[in-house]
Amino acid sequence: MNEMHTGSLVSIRNLSKKYGKHTALKDVSLDIPRGRIIGLLGPNGSGKTTLIKLMNGLLTPGKGQILIDGNLPGVETKACVSYLPERTYLPPAIRVKQLLSYFTDFYADFDRQKALAMLSSLQISPDASLKTLSKGTKEKVQLIMVMSRKAQLYILDEPIAGVDPAARDYILKTIIQDYSEEASILLSTHLISDIEPILDDVIFLKDGEITLTSSVEDIRNTYGKSVDAYFREVFSC
Amino acid sequence: MAWILQSDRPIYAQLVERLKTEIVSGVYPPGGRLPSVRELAATASVNPNTMQKAFAELERTGLIITMRTSGRIVTEDTAMINETRRELAEEQISQFLTQMNNLGFDRSEIIELLSERKGEDVHE
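Residue numbers (the numbering used here), protein chains in the order written: chain A, 1 to 237; chain B, 1 to 124.
Don't take every hint at face value.
Residues of chain A clear of chain B, computed beta-carbon distances all greater than 10 Å [what the hints assert, rightly or not]:
id: 1; residue: 11
id: 2; residue: 22
id: 3; residue: 56
id: 4; residue: 60
id: 5; residue: 127
id: 6; residue: 173
id: 7; residue: 176
id: 8; residue: 177
id: 9; residue: 197
id: 10; residue: 221
id: 11; residue: 229
Chain B side only, calculated, beta carbon under 10 Å to chain A, not exhaustive [unchecked claim]:
id: 12; residue: 2
id: 13; residue: 8
id: 14; residue: 47
id: 15; residue: 53
id: 16; residue: 57
id: 17; residue: 69
id: 18; residue: 71
id: 19; residue: 96
I should point out that these hints are in silico values taken from the structure, not numbers from a laboratory. By construction, the Cβ of each residue, glycine as well, lies at the ideal position given by its N, Cα and C atoms.
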């Protein structure tokens with residue numbers, strides 16, 4: 001699978017972002033190849049969401065550049081990037097089936113049948129109104145929508161934080177089984193131990209800077225401990 | 001069920017061991033077909049590239065064979081499977097002996113203890 005990528009899917013060069021005087025990202029350079037599942041890890045306030053928002057064109061860089069499949073974040077990249085934001089953007093009064101129609105309209109790569117199958121596996125009715133669903137179930141619905149696109153890049157900001165362990169397992173299995181070998185997944189999380197076995201690589205972010213990029217297996221080989229344990233050591237307070 | 005993995009060792013090495021165990025114990029019989037990398041990665045809840053790497057290692061040793069049309073099968077060479085079984089057993093024995101040493105038992109004491117257990121063969 002590793003040999004299949006042709007160049008980087010994402011190329012980030014010298015990216016910086018300030019909010020007023022506060023530096024959120026400082027000179028970040030990064031390449032994401034195709035066919036990888038990558039964990040973006042860092043403590044609260046380390047710049048994970050800022051980086052993700054920049055990649056989705058929701059913020060503009062102070063300095064530097066992001067290219068996704070050769071394009072700056074914009075209309076072309078939104079067609080090939082499937083993004084799960086950290087907070088919901090969906091109106092509460094909408095029904096799940098209306099959401100399916102929205103996604104079908106908005107995204108040429110949305111697979112409605114796949115979404116329906118996943119909803120049914122998790123026993124979520126398409127007739128349900130979002131406001132009647134629990135927080136965790138809403139998160140499941142949103143993740144199902146995002147994973148039912150045939151995207152090049154999935155960017156998931158804290159995808160499993162509010163979901164119960166059984167659904168977490170189901171979602172992780174779905175991610176593993178269904179993403180195309182040409183696609184990559186970037187996911188930010190603080191639940192490292194749950195997600196560690198499905199990751200190829202990890203990126204550690206600290207105070208807006210990348211402090212480490214490594215494969216999971218290299219960390220285990222080198223330090224004789226899990227990424228989770230290593231993270232706790234590096235970021236111990 | 002996701003496979004239970006230890007946190008202090010590479011995941012790939014643990015997948016190789018688990019697959020070897022399933023082959024020698026007949027979960028995947030000689031000549032039997034193996035699930036695809038994706039299926040098995042999903043079952044184990046591990047990264048498909050890591051599972052691929054484990055498969056590649058088993059292919060290198062000849063324990064599994066990639067067929068052009070029908071995916072991957074377990075070797076029909078039962079001598080090779082038996083040898084793998086033996087190797088896995090040796091590893092278990094080494095671990096056991098290390099632990100017993102830590103408890104202060106010498107070889108003859110260990111063998112004596114084991115022989116007391118003779119005849120209570122456990123069949124699952």
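Verification of the hints:
Distance to chain B confirms residue 11 (chain A) as a non-interface residue, since its nearest Cβ pair spans about 21 Å, more than 10 Å. With a minimum CB-CB distance of about 35 Å to chain B, residue 22 (chain A) clears the 10 Å threshold, and the non-interface call stands. Its beta-carbon lying about 24 Å from the closest one in chain B, residue 56 (chain A) satisfies the requirement of being farther than 10 Å from that chain. The beta carbon of residue 60 (chain A) sits about 33 Å from the closest Cβ of chain B, which is more than 10 Å, so the claim that it is off the interface holds.
The claim that residue 127 (chain A) is not at the interface with chain B holds, since no C-beta of that chain comes within 10 Å of its own (minimum 29 Å). Consistency note on residue 173 (chain A): stated as away from chain B, yet its beta-carbon is not over 10 Å from all of that chain's, at 5 Å minimum. The Cβ of residue 176 (chain A) sits about 5 Å from the closest Cβ of chain B, inside the 10 Å cut-off, so the non-interface label is violated. At roughly 4 Å, the least C-beta separation between residue 177 (chain A) and chain B is not larger than 10 Å, which violates its mark as non-interface.
For residue 197 (chain A), the shortest C-beta to C-beta distance to chain B comes to about 5 Å, within the 10 Å cut-off, and the non-interface label is violated. Not every beta carbon of chain B lies more than 10 Å from that of residue 221 (chain A), the smallest distance being close to 5 Å; the non-interface claim is violated. Interface exclusion of residue 229 (chain A) from chain B breaks down, the closest Cβ pair being 6 Å apart, not more than 10 Å. For residue 2 (chain B), the shortest C-beta to C-beta distance to chain A is roughly 6 Å, which falls under 10 Å, so the interface hint holds.
For residue 8 (chain B), the suggested interface contact is upheld, since its CB lies about 5 Å from the closest CB of chain A, less than 10 Å. Annotation: residue 47 (chain B) was flagged as interfacial toward chain A, and the flag holds, the nearest CB pair being 5 Å apart, inside 10 Å. The restraint placing residue 53 (chain B) at the interface with chain A holds, with a minimum CB-CB distance near 8 Å, inside the 10 Å limit. Among the interface hints, the one on residue 57 (chain B) is violated; its C-beta lies about 13 Å from the nearest C-beta in chain A, farther than the 10 Å criterion.
Here the hint on residue 69 (chain B) is broken, as its CB sits about 20 Å from the closest CB of chain A, past 10 Å. For residue 71 (chain B), the interface hint is violated, the least distance from its beta-carbon to any beta-carbon of chain A being 16 Å, above 10 Å. Hint status for residue 96 (chain B) relative to chain A: violated, with the closest Cβ pair at about 22 Å, above 10 Å.
The structure fails to meet hints 6, 7, 8, 9, 10, 11, 16, 17, 18 and 19 from the earlier list, while all remaining hints are met.
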